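Please construct the entire structure, taking both the sequences and the accompanying hints into account.
When you read off a place in the sequence shown, starting at 1, and then add 858, the result is the number in our numbering.
Please note: incorrect hints may appear among the correct ones.
As the list claims (entries may be wrong) - Here are the simulated DSS-like cross-link-like pairs (lysine-lysine), alpha carbons at most 30 Å apart as the crow flies:
1) Lys-1307 / Lys-884
2) Lys-956 / Lys-1352
3) Lys-956 / Lys-1011
4) Lys-1352 / Lys-1216
5) Lys-1216 / Lys-1011
6) Lys-1307 / Lys-956
7) Lys-883 / Lys-1019
Hints listed in this document are in silico derivations from the structure and should not be mistaken for laboratory results.
This structure is a prediction, so every number in the text was calculated from the model and none was measured.
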Amino acid sequence: MSNLLALTIIWPLIAGIIAAFLNNKKRIVRPLSQVFAVLNLVLAGVVLYLVSIHGTVVLETGSYEAPFGIVIVGDLLALTLVLTTNIIATACVFYAPKSLTEQQESFYFYSFFFMLISGVSGAFLTGDLFNLFVFFEVLLMASYGLIVLGNGKAQLRESLKYVLINLFSSMLFVTTIAFLYSVVGSVNMAQVSQRVQEVEQQGVLTTIAILFFFVFATKAAVFPLYYWLPRPYIVPNPVVSALFGALLTKVGIYSILRVFTLIFVGEVDITHTIFIYLAAFTMIFGVIGALSTHNIKLIVAYNIIPAVGFMMMGIGIFSEVSLSGTIYYLINDMVIKGALFLLVGAIAYVAGTSDLRKMNGLIHHYPTLGWFMFVSTLVLAGIPPFSGFVGKLLLIQGGLANEEIMVVIASLVSSLLILFSMIRIFIRGFWGEKTDAPPHPERSAAAGKMIWPIAVLLSITVLLGVGAEWFYPPVEWMGEYLMDPQMYIDSVIKE
859 MSNLLALTII WPLIAGIIAA FLNNKKRIVR PLSQVFAVLN LVLAGVVLYL VSIHGTVVLE
919 TGSYEAPFGI VIVGDLLALT LVLTTNIIAT ACVFYAPKSL TEQQESFYFY SFFFMLISGV
979 SGAFLTGDLF NLFVFFEVLL MASYGLIVLG NGKAQLRESL KYVLINLFSS MLFVTTIAFL
1039 YSVVGSVNMA QVSQRVQEVE QQGVLTTIAI LFFFVFATKA AVFPLYYWLP RPYIVPNPVV
1099 SALFGALLTK VGIYSILRVF TLIFVGEVDI THTIFIYLAA FTMIFGVIGA LSTHNIKLIV
1159 AYNIIPAVGF MMMGIGIFSE VSLSGTIYYL INDMVIKGAL FLLVGAIAYV AGTSDLRKMN
1219 GLIHHYPTLG WFMFVSTLVL AGIPPFSGFV GKLLLIQGGL ANEEIMVVIA SLVSSLLILF
1279 SMIRIFIRGF WGEKTDAPPH PERSAAAGKM IWPIAVLLSI TVLLGVGAEW FYPPVEWMGE
1339 YLMDPQMYID SVIKE
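Right, here's the structure in full:
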């Protein structure tokens, strides 16, 4: 089973290499990429099922036992996120041929696509900090290639900003790992968790923790480090935007979740109180950005930021209920953001513009897109019985139990503003008088083919809501698991 665990990382790399060799044969590479994505999705589902039965799986590479060798740790949390990643990837790879131009496909889209999935999966599964840095670089290199597909001026401008920020955070990341290694003599997360408790100079560890948080918060777009995010996520093709919006910031949140529940838990009263304040500011300032624009793609991109705030809220409250809420909300947000970016991409395609002020009455010509937009809005805003409500309910319960009234109020206010920011797209873009003909009738057939991947993702978000009684027990266990670092340590390091 441990070899199957490694295959969830290796298989996308193999697929990317094969796609590179077949890059000029579009009729072959498109269906082949779809087959590879489906196979990897099935593989991730099988491994998750086996882990749910047999417990955490640890792969020790090179016959070196942990903590001396490189380890891949497949616990229930990591593999749930890997499965979610592959669900989004599969939807995107079926959406891509309808969305990408031949020029964009010819610049090795499918190779970069699979490299990104491999890097994200590796970041979720790795058991040591240095390889977390390595997988970050793998996914970032793939994202550099994806963001410039099409070679437009806006893409080149935003990609330069995106690359420079990530280069700086990557340099800080590897430097901080070196600082930590000089203090505890290890980069294995389980062993570091043990050794930080023995360090006498806790002030040094606090400084290292702050540096790690700065790196991860930059990648996750936590206030005030979110300034770089919105525009680099809307200038690429919609399928690339969906991958970025659904996956990249979530890797940063996962890193904060893992590191600050496993390693840096000595000064919880200080670090996690700061997280709560940052969560509140992230929610409010992010949704203000969504309210300030008429670009439907920017509205969705800005709404990534308050979602990050909700997840930070759960980490800051630091209880079993709040961490369960963070995990539930994280899974939901990955899926709904993927669906939303694909959806607004289809809407902008049929309308011929992404400016909300130039749209009107689209629901008469594209009713499916309109009602999908309406359901997506309810999911994102956390209206019951959809999945966004379940995650937010758990977070609010955790906040009230810990008497964190300020952040609870901020979460409720931001939820209302998220609803207002998103419902504008439905009311102003789809509602209204019927026009004589659709804006671009020749695009209707292509838009119809874009609907199915969006429908699958939306169906999953609805199922996560109405079927919460089935999905909540394992998520609740994950919350308990994160609150007890010894469970992770015992699964990795065998005494």
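Hint-by-hint comparison with the structure:
no. : hint                : verdict
1   : Lys-1307 / Lys-884  : holds, 18 Å
2   : Lys-956 / Lys-1352  : violated, 50 Å
3   : Lys-956 / Lys-1011  : holds, 23 Å
4   : Lys-1352 / Lys-1216 : violated, 63 Å
5   : Lys-1216 / Lys-1011 : holds, 23 Å
6   : Lys-1307 / Lys-956  : holds, 7 Å
7   : Lys-883 / Lys-1019  : violated, 33 Å
Against the hints set out earlier in the document, violations occur for numbers 2, 4, 7.
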